[in-house]
Amino acid sequence: MPETTTRVLGLALSVAYAAFIGWLFVRQPQTIAQITGGLSSAIGAYKVDEQALADGLAFFRNDQFVEARMALARADPALRDARTQFYVAYSYYRQGWGRLSHDDRLYAEGLIAIDRAMTLATSGRLVVTDSDLKMHTAEELKAELEAGLRREPSDLNPMRLFEVRK
Amino acid sequence: MTVAREAVVLPCVFLTVLLLGALRIADATVLVPPSPFALVLGALLLRVVVQSGALAPERLMSSSRSGLANLNGAVVLAALWASAAQTIAVLIPASGLPQLAGNVFFFILLLNTAAAAPDRRQLLRSLGVTLGAAFVLKFVVLHQLSAPGAGPLKRALHTILDGVTLGALIQEVPHPVMAYLALVAVGLFLVGVLLLPHALPRQARPHLALAVERGGPDPPAVISATTDVDG
Chain S
1 MPETTTRVLG LALSVAYAAF IGWLFVRQPQ TIAQITGGLS SAIGAYKVDE
51 QALADGLAFF RNDQFVEARM ALARADPALR DARTQFYVAY SYYRQGWGRL
101 SHDDRLYAEG LIAIDRAMTL ATSGRLVVTD SDLKMHTAEE LKAELEAGLR
151 REPSDLNPMR LFEVRK
Chain U
1 MTVAREAVVL PCVFLTVLLL GALRIADATV LVPPSPFALV LGALLLRVVV
51 QSGALAPERL MSSSRSGLAN LNGAVVLAAL WASAAQTIAV LIPASGLPQL
101 AGNVFFFILL LNTAAAAPDR RQLLRSLGVT LGAAFVLKFV VLHQLSAPGA
151 GPLKRALHTI LDGVTLGALI QEVPHPVMAY LALVAVGLFL VGVLLLPHAL
201 PRQARPHLAL AVERGGPDPP AVISATTDVD G
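Those protein sequences? They're chains S and U, same order as listed.
Residue numbering for the first sequence follows the numbering used here, starting at 1 and increasing by one per position.
Residue numbering for the second sequence follows the numbering used here, starting at 1 and increasing by one per position.
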């Protein structure tokens, strides 16, 4: 192989390898699926499993939130799809919602998921048009989750018993 | 040194060291880049490697080389620096007094090595011993001290030791695979340093100077001609 070709190939390989390591440092993927998903999404080749997403939404509408999250995790194994992550966050909200008190652990998980969804959304704007939902934007859902995690005097308001789940 | 070694092998070896050394496997696997102080220590190690002749920087970057060749050389130097910092970082304990002692130990040791001005062979031996000793200290001695153990007596001693040292000595026990990853990273780093384009041995330098005086080939050409035989 000519010297110049070897040098160019070596340079390209080194730069690509260094960029990959830099990407790993920034993204901190936890699974191989997240690595492959992240790389394929970087070149616009990442696709959500539509069948698994449909299964997840069916479970979600049936209030089977644990099952819904399992199916949604199958649909978006690399955690790269904003809409799927929105539904994951919404499932934590609905599961954690209670008339007397909210489940802080589930709300905290929901907050992580909605932050992830907002990061993934183009220019941070995420709107999901679904008639089954009462909150359609990531901002509404995030505010609701944050409010649920706060300790406020209004928590003791008896009118809260008449609130409805969104 | 062959072009393939300079353009492909050395960057890949050093970048792999950077990757393996950054892995911290626990409940959640994370990649930890070298700390700023580890980068300083890496720069010191780079200086010692150049000073000893284990690396002849003029064989990687010089005005007599083409732009593309200089780019390849720059990649090798950058990767060597990052991997040196990462190799040291992986061998320094993660927290408490041992971390401070590890940082100071490497800092003083590298300054001392620079002052001693070893040649290439001595530096390679010294690096092997130093990195090997640091590996044993972190992954064998400190690991044994920090592991709570199965028996009640060992657990009691562990609790007493943790209490007496105010938690400054006991480390978080690393995942078993971490020791193997660190060993591979250190081994690869040493192999990489061994493969670097090195300067002529000291005893050969007078001949080189004589050749230059007589109007012979310029130094880089002589160095290449001599070292390509063994390198």
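Hints are not guaranteed to be accurate.
[Said to hold, decoys possible] Listed next, the stretches of chain S that the computed footprint assigns to chain U, with coverage defined by at least 3 CB atoms under 8 angstroms from CB atoms of chain U:
(1) 78-90
(2) 122-130
[As the list claims (entries may be wrong)] Selected chain U positions facing chain S (in silico; Cβ < 10 angstroms):
(3) A7
(4) V8
(5) P36
(6) A69
What the hints contain is simulated information worked out from the structure, not anything from laboratory work.
Ideal placement from N, C-alpha and C gives every residue a C-beta, glycine not left out.
So, going through the hints one by one against the coordinates:
1. Counting residues of the stretch 78-90 of chain S whose CB lies closer than 8 angstroms to any CB of chain U gives 0, so the stated coverage by that chain is violated, three being the minimum.
2. Proximity of the stretch 122-130 of chain S to chain U, defined as three or more residues with a beta carbon under 8 angstroms from a beta carbon of that chain, is not established by the 0 residues found.
3. With 10 angstroms as the threshold, the beta carbon of U/A7 comes within range of chain S, its nearest partner Cβ sitting at about 3 angstroms, so the hint holds.
4. Annotation: interface hint on U/V8 holds; nearest CB of chain S at approximately 4 angstroms, less than 10 angstroms.
5. The restraint placing U/P36 at the interface with chain S is violated, with a minimum CB-CB distance near 15 angstroms, outside the 10 angstroms limit.
6. Among the interface hints, the one on U/A69 holds; its C-beta lies about 6 angstroms from the nearest C-beta in chain S, closer than the 10 angstroms criterion.
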